[in-house]
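**Q** Residue numbers (this note's numbering), protein chains in the order written: chain A, 1 to 89; chain B, 90 to 537.
Worth flagging that the hints you see were computed from the coordinates, not collected in a lab.
Accuracy of the hints is not assured; some may be wrong.
Stated by the list, open to error - Calculated lysine to aspartate or glutamate pairs in the DMTMM-like style (CA-CA distance at most 25 Å, straight line): (1) A:Lys76 x B:Glu413; (2) B:Lys534 x B:Asp492; (3) A:Lys76 x B:Asp364.
Note that the coordinates shown come from a computational prediction; the quantities given were computed from them, not determined experimentally.
Next come the chains, spelled out residue by residue.
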Amino acid sequence: MEAIPAFTAGALPSLSDDDALLAWVRQGLGGRVGGASEREERRLVQLLVRLGPALQEALAAGSSAGTECLDAAASKTTFDTALTQCSHD
Amino acid sequence: MTELPPTLVQMQRLIAQGELSPAEALQVQRERVAALDARFHCVVSVPQPTPSDECPTGPLAGIGLAHKDIFDTEGHRPGIGHDAGAQTPGTRNARVLERLRQSGAAHLARLVMAEYACGATGANVRQRPCINPLHPQAVVGGSSSGSAVAVASGLAYGSLGTDTAGSVRIPAATCGVLGLKTTHGLVDLDGVAPLAPALDSVGLLARTAADAGQLLSAVAGRPLQGSPDPARHRVRPSSASLRIKAVIPNALDDQVAQALHGFMATWPRAAVVCDMPEQARLAQWAEVLLHAEASQVHRGALLSREVSPMVEAVALPGLVIAAEWVLAVRAQRAAQLRAFVAAHLRQYDLLVLPALAHAVPDWSVVTPGAPGFDAQRLVGLYRYMGFVNYLGLPSVVFPVAVDRRGLPIAVQVLARPFHDAVLLAWAAAVEDRLCGPAGFPSFSKPHV
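Working from the sequences, and respecting the hints, build out all of it.
**A** Set out below in structure tokens:
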């Protein structure tokens with residue numbers, strides 16, 4: 001699971017800016033055959049707003065711990081090691 | 090239909106005593122598959138018997154198992170709930186199925202599942218609707234729906250499923266059997282169709298803790314802590330010495346809360362609290378990984394709109410979730426695991442939680458668009474599940490009470506990583522107290 005879809009790279013707009021979030025969602029769904037209904041797009045905006053605060057916490061925790069740059073493979077290795085270590089706690 | 094002993098271990102005993110040969114035992118089990126499938130609709134297809142079925146050897150010789158249709162089998166690719174699969178020359182058994190075969194077990198049937206392992210109810214418009222053997226209107230649970238039905242109905246002594254956000258534990262809870270989500274990485278996923286690889290684990294469903302222990306010993310890819318099989322690994326812990334903590338949230342419905350408090354009262358040394366503040370946040374981080382990885386795994390089908398609404402609900406958000414969020418929640422996993430273990434599983438060996446937030450609902454209550462649909466009841470099926478996958482911990486679900494309709498109310502129990510067998514040891518102790526020799530299914534009262 002190394003690759004992240006290219007269209008999700010970059011800074012997510014402010015979670016209080018509905019119009020910008022809608023544009024972000026449309027960009028993400030851009031390659032979809034037949035597009036998406038506006039209702040579907042609005043639902044995805046709501047999902048981003050719902051998840052946003054907890055995810056900002058993850059970003060902040062990563063910054064303070066210096067782990068924000070870990071890629072998927074490095075994260076997996078670190079996690080697998082933690083699983084083994086925690087089995088002995 | 091020929092009667093069989095209710096548990097795998099009892100069948101093993103009959104075979105060991107020479108009352109049945111393994112081949113005779115398998116013959117009887119195979120004969121039951123069609124009849125039980127006609128009642129409960131849980132079978133996708135039946136694999137051809139292999140030469141090793143003629144004269145099986147190993148601890149599981151003569152034992153018939155049936156598995157979620159998500160595992161590669163010899164010469165056949167799985168349908169993963171999307172279709173019926175297909176003969177595919179060159180396909181090998183998934184490594185976990187190969188381990189079971191080497192232990193002597195036979196593969197009786199490939200089982201129904203939610204499409205692409207997405208969906209807590211087990212609904213799948215592409216397959217016949219599975220029927221919960223306990224009550225025809227009760228939800229079956231998913232995504233390993235056929236696995237729970239096969240075990241609860243007696244079609245198979247055990248079943249493998251997969252669990253990415255509760256897909257083994259939810260149907261185990263709704264069908265009144267034991268469901269074990271193994272520690273992430275304990276069981277090899279080679280040859281198992283992925284949903285979200287960071288969260289995926291093989292799980293198993295069985296009628297008793299001892300039966301589950303037999304299966305776990307066969308499929309585990311590394312030594313277990315506190316194994317119930319002393320010939321294989323370490324000593325079995327005494328359940329009396331286990332230190333237990335329970336979290337019984339205030340948000341549960343009355344029946345479930347009352348049942349859990351009543352159950353914990355029978356373990357007077359256990360600590361009982363009502364709050365686990367990090368659970369909601371961890372659940373959201375798990376959700377992000379699920380959406381992101383599922384959208385990549387099923388990207389082609391998603392973009393061409395070839396999937397059902399349930400798969401879209403799981404995978405579509407992954408197309409719009411920011412990469413930095415995904416990286417952040419991945420990078421935090423190790424630290425969150427260490428913090429969780431330190432907070433809940435250092436001073437205690439077991440952490441008891443609810444399995445479902447509500448009593449087992451009917452299909453109509455958890456099917457969007459149906460009269461009587463209640464979104465909260467749907468969320469209540471998986472609210473306490475996903476965060477466990479994010480942490481990679483082992484978790485077992487089994488019934489400890491019944492609701493007003495006689496349907497099971499289950500608990501979920503967590504332990505430290507690779508302490509899967511400790512969970513089964515305690516499940517066995519609970520089973521001794523609450524159930525007869527037929528194990529957990531005897532606890533509920535079938536209405537079918």
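**Q** Each of the hints needs a verdict: does it hold here or not?
**A** Outcome of the hint check:
For the suggested pair lysine 76 of chain A and glutamate 413 of chain B, the alpha carbons sit about 16 Å apart, so the restraint of at most 25 Å is met. Annotation: proposed proximity of lysine 534 of chain B to aspartate 492 of chain B holds, straight-line Cα distance about 10 Å (limit 25 Å). Taken as a hint, the lysine 76 of chain A and aspartate 364 of chain B pair is broken in the structure, with Cα atoms around 29 Å apart against an allowance of 25 Å.
Checked against the numbered hints given earlier, the structure breaks only hint 3 and satisfies all the rest.
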